[in-house]
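Position chains P and U against the provided structure of chain A, taking the given hints into account.
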Amino acid sequence: MQTIPESTQIDPMAPVPCKVTAQWDVTEDTFGLRLAAPAGYSFQPGQFNMLYQFGVGEVAISISGDPAYPESLVHTIRGVGAVTKSLRNLRAGDVVGMRGPFGNSWPVEQAVGHDVVLVAGGIGLAPLRPALLHVLNNRNDYGRVVLLYGTRTPRDILFQQELQEWRGRFDMDVLVAVDAAGRDWHGSVGVVTKLIGRAPFDPHNAVAMVCGPEIMMRFTGRELVTRGIQPSMVYLSMERNMKCAVGFCGHCQFGSAFVCKNGPVFTYDDIGDLLDIREV
Amino acid sequence: MTTAPVILDRAAIDAMIGVIEGRGHRVVGPVVRSGAVVLGDLSSTADLPVGISDEQTPGRYRLTARDDEALFGYVVGPSSAKPFLHATGVPVWQGERTADGSFATRKPEAPTPVAFIGIRPCDLAAIGIQDKVFLNGYRDGVYGDRREGVFSVVVNCVEPGGTCFCTSMGTGPRASKGYDIAVTEVIDDEEHWFLAEPGSDAGQEVLAQLGAAPASDDERVRVENLLVDAADRMGRGLDTEGLPEAIKASMESPRWDEIAKRCMACANCTLVCPTCFCATVEDETDLAGLEAQRVRRWDSCFNEEFSYIHGGSLRPSTYARYRQWLTHKLSTWVDQFGEMGCVGCGRCITWCPVGIDITVEAAALAAAAKEATHV
Amino acid sequence: MSETPIDLRSHPFVIDLSESAQERLSECAVGTVHWEPGTKIFREGGVSENCYLIMCGIVAVEAHSPGRDAKVLQTLGQGDVLGWSWLFPPYRWTFDAHVRAETEAVQLDGVKLREYMDTDRELGYEVLFQFSRLVVRRLNATRLQLLDLYADHS
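Each protein sequence line maps, in turn, to chains A, P and U. Those letters in the first sequence? Residues 1 to 280, by this note's numbering. Those letters in the second sequence? Residues 1001 to 1375, by this note's numbering. Those letters in the third sequence? Residues 2001 to 2154, by this note's numbering.
Chain A on its own, in the form it takes in the complex:
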């Protein structure tokens, strides 16, 4: 038959072997994994890779490294499934399969000239880290920069040392809240949404980037819009079952979107209504 559509000839399904250059514990259930990226590799903040453990399986992991140094490919992984637990056993010098980067990115270009509000819940801080690093690398391009971070307990706080540094900067605000804490915690206790009301930014000139469990993003989206940010300026990163990462397998469909290739980042304007539909 004649008319077969054009397509690229690279095989997007075959993992490329990458050397592990470091593995470290971040929290009790979360670890960091740094890979030597293949030559020519680059990524945008918010994109993800598929990491493949030989013979065990593959899993979608957001990139949490600095986009200015793509050769040092950092992932922050919660070891909760068979593949991620197996990835935790990797050590420097081991080899892991990688394909990517996939997906769209945080709107770091569109946010130029605006206040930037990052709202992270739990492991959701990991995919936001490249966006924050990009903004800080290009600090003069942006207005106020605010990071609101909610997590379970003080022990679950990711990137502790870096958070201290960010908190110490005079050109950004960092507010952290935990759901549960003892007396030894001197910060806020409560849900991350309650930080939104007191965060210093101009809602009429702000771009928000949100990542966390879906229910957290639903409430955060509402709260940000209540505070006055345009729904089209609120960006959420969705999680769905991703197997192929290129729109072949159908698992990650969310309304009309394949989260893997049309997302994972969507505006609240586009998906706010879908978020309210059960089991969509």
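To be clear, the hints were calculated from the coordinates, so they are not data collected in a lab. If you're wondering where the values come from, they're calculated on a predicted model, not measured in any experiment. Check the hints yourself; a few may be wrong.
[Claimed, not checked] Dumping the calculated DSS-like pairs for lysine-lysine here, alpha-carbon to alpha-carbon at most 25 Å:
| id | chain 1 | residue 1 | chain 2 | residue 2 |
| --- | --- | --- | --- | --- |
| 1 | P | K1107 | A | K261 |
| 2 | P | K1370 | A | K261 |
| 3 | P | K1132 | A | K261 |
| 4 | P | K1261 | P | K1248 |
| 5 | U | K2071 | U | K2112 |
| 6 | A | K19 | P | K1107 |
Only chains P and U this time, still in chain A's reference frame:
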């Protein structure tokens, strides 16, 4: 390329099968297996379901005997081109550990290109739909390797099946594009012949080797009338006007719950559907852990684990899974690929064990949505 | 307590009130309080007579149980209101309030405000409406906390 139709008889069809095989194809066509017409290997017209017809109603499929020797006197059975192009249970890639502790992957060998004899217009259209899924942008190796050498002899439908609605979907009963040769069978008490039109250079080359006579005007008119008549006799329809929007507006409709009372979430509809493309992968390894491969298998949005993310399935309810399927077919597919993911072949209706009819459900949803906007 | 004039109007709780209600609230303002970290503002069971509009700082609302560390239920900060037990019988605090970071708040005389609300039902409605909104927000936040969003739910 000349597109002048020629007239073939059964012997010429046999000759055609030989010529196509000689061009390096694995020839596949309709055969009877386990009481159904499916696509299988074909060496001559003797392998075809000669003198066989089928009865199809929601939830029911039976083969019946015809009182003639028609070669293509039935419509589609449960299998389409999908198992041959979007193959299931095949490796996406294979790999082995290397001495330095790394690994290497290799691409599986491409199989012999298939030639479809007697594929129907709806199924041909379905290939075009899957092309957009697998070959637009990224190229899917499994599909691309099988798709690129395909030769197809489409057989236009002069007798619509019991659950067909291809006229509504614009895919039949006559193929309009995408074939190498299009054949229409004409049979009655006096005569039995086939009008064959080339649709590509390859099709023209094959027909040229058969030494067939050009079709007369009378013969062309007769075929034309048969196909118009077939379209008129189509017993089922789907009004697609405004349907994608109406279904999007029906996400909270109580109709889904009603359907879920009957739907068994068995996934039959997605398996027989010629456009459904959802698949999963399984990573396999040998006992020593030295060889590994990733095998792709068809999956279905009706399976609970289909939407699994860490913590659980996102669509634990049957209503949500049926809604995902129907919404994808008739609404979101349009957003994704510019057309509906339905060709009107009627398989999902026939092969549903409880006879759920997509045309009935879509019409009911659309009617309710329309009513809601007019209140 | 300072002698400087107290401006309540910048506090989010007060902003939405009518001019007259803002005036009555100002009349109830006793003064601005500064607390150092570690200060116990009130204890569960104690008589509740005051309400605090937090201008800055962090105050933890805590529950204690014998033999266990105090559990921080939530922290309050800038723009929050601390204490509503003075509004409902038996006028006793339900939890402990403990200063975590240097805090500044405006103290309102709850008994006086309660009397105003009793005699002036319009004021009563307005203030009670604001408190209800606050309670609903606090309740919803608590519900989200209960969901344990970031736990490993496998």
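Structure-based check of all given hints:
| no. | hint | in the structure |
| --- | --- | --- |
| 1 | P:K1107 / A:K261 | holds (24 Å) |
| 2 | P:K1370 / A:K261 | violated (33 Å) |
| 3 | P:K1132 / A:K261 | holds (15 Å) |
| 4 | P:K1261 / P:K1248 | holds (21 Å) |
| 5 | U:K2071 / U:K2112 | violated (32 Å) |
| 6 | A:K19 / P:K1107 | holds (22 Å) |
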